[in-house]
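I would like the entire structure built from these sequences, with the hints used as guidance.
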Amino acid sequence: MKRAIEALEKGQQFSAASFVLDEEAVARYLEAVEDEALPRLAQAEGKAWVPPMAVAALALRSLMEEMTLPAGSIHASQELEFVRAVEAGERVTCRAWLSHRSQRGGWWVLAVGMEGTDESGRPVLAGRLTVMVPR
Amino acid sequence: MSQEAIGKERWVVGAELPSLAKTLSQEKIDRYARASGDFSPIHVDPAFAAQTPFGGTIAHGMLLLAYLSEMLTAAFGQAWLSGGRLKVRFKGAARPGDVVTVRGRVERVKGERGVCSVGCLNQQDGVLIAGEAEVGIS
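Protein chains in written order, with this note's numbering: chain V, 1 to 135; chain S, 1 to 138.
To be clear, the hints were calculated from the coordinates, so they are not data collected in a lab. Hints are supplied without guarantee of correctness; some may be wrong.
Sample of chain S residues lacking proximity to chain V, with all beta carbon distances greater than 10 Å (derived) [as the list claims (entries may be wrong)]:
1. W11
2. A66
3. V106
4. V109
5. S138
Straight line, CA to CA, 20 Å or less: simulated SDA-like cross-link-like pairs of lysine to any residue [claimed, not checked]:
6. S/K87 / V/S99
7. S/K87 / V/S120
8. V/K47 / S/S82
9. S/K87 / S/G111
10. S/K28 / V/E34
11. S/K91 / V/E115
12. S/K87 / V/K47
13. S/K87 / V/V83
14. S/K28 / V/T130
15. V/K47 / S/G83
16. S/K87 / V/H100
17. S/K87 / V/E90
18. S/K91 / V/P134
19. S/K91 / V/T130
20. S/K87 / V/A126
21. S/K91 / V/V83
22. S/K91 / V/R91
23. S/K87 / V/A27
24. S/K87 / V/E79
25. V/K10 / V/V83
26. S/K87 / V/I74
Just so it is clear, the structure is predicted and the values come from calculations on it, not from any experiment. Virtual Cβ for every residue (Gly too), placed ideally from N, Cα, C.
Okay, here's the thing in structure tokens:
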């Protein structure tokens, strides 16, 4: 369910979202971003590594499905920590929460914390994004 | 700097990471939208984007971060995928036709981790993204 900015409160949890990047999705992503380095590393190590930014992008997408951001919203900053590499076919569950909400001039400033975990509940990704939303 | 540069003895403050450049197009932005599932109209709808302050479509910020990640993967290999940290600000929009250059430089070593300044510039040296990346030093 999409939530309007006015209805969000600091500390509020968003619904957890789960996703799997299979080898086909990874190949599609690598082609889209023209990444030549990750396939070389994966081949050298004999692993089907998922590009870390692909995991982050899907985590953000699942978050955006929860929020109604009006046109003109700006992705202002991004912090990410890749705790461990994810292999194609692994399921990642992303949890996110509103860590900050304030008003500055004609903008809402929203910060959202997030964590991605594997099927054992161990973290694979952590992050924080800041979005500026016109009021 | 190759993956061999992960070694502590290779962490020289001021050393530049090998840069890379990508030319954006609307087709590439659309392809990224399909791969990531982010079909926000500011990225994929030229008619809508023309009515915004940007005056046209812009690339996804996460697409530019993917370019940064490619540079860091090439430079640090597994140390980037497992334990890498990134902290950036989005400072400008990248548009179809722009040439995005990704750069990085070793700034300091603190304990078992190294810190690089990283950024994306357009063809006019306008800063699109600026920040820091941190990786473990094995």
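These are the hints, each one checked on the structure:
no.	hint	verdict
1	W11	holds, 19 Å
2	A66	violated, 4 Å
3	V106	holds, 18 Å
4	V109	holds, 19 Å
5	S138	holds, 14 Å
6	S/K87 / V/S99	holds, 17 Å
7	S/K87 / V/S120	violated, 27 Å
8	V/K47 / S/S82	holds, 14 Å
9	S/K87 / S/G111	holds, 19 Å
10	S/K28 / V/E34	holds, 9 Å
11	S/K91 / V/E115	violated, 25 Å
12	S/K87 / V/K47	violated, 27 Å
13	S/K87 / V/V83	holds, 15 Å
14	S/K28 / V/T130	violated, 25 Å
15	V/K47 / S/G83	holds, 17 Å
16	S/K87 / V/H100	holds, 17 Å
17	S/K87 / V/E90	violated, 26 Å
18	S/K91 / V/P134	holds, 17 Å
19	S/K91 / V/T130	holds, 13 Å
20	S/K87 / V/A126	holds, 12 Å
21	S/K91 / V/V83	violated, 26 Å
22	S/K91 / V/R91	violated, 33 Å
23	S/K87 / V/A27	violated, 26 Å
24	S/K87 / V/E79	holds, 4 Å
25	V/K10 / V/V83	violated, 25 Å
26	S/K87 / V/I74	holds, 16 Å
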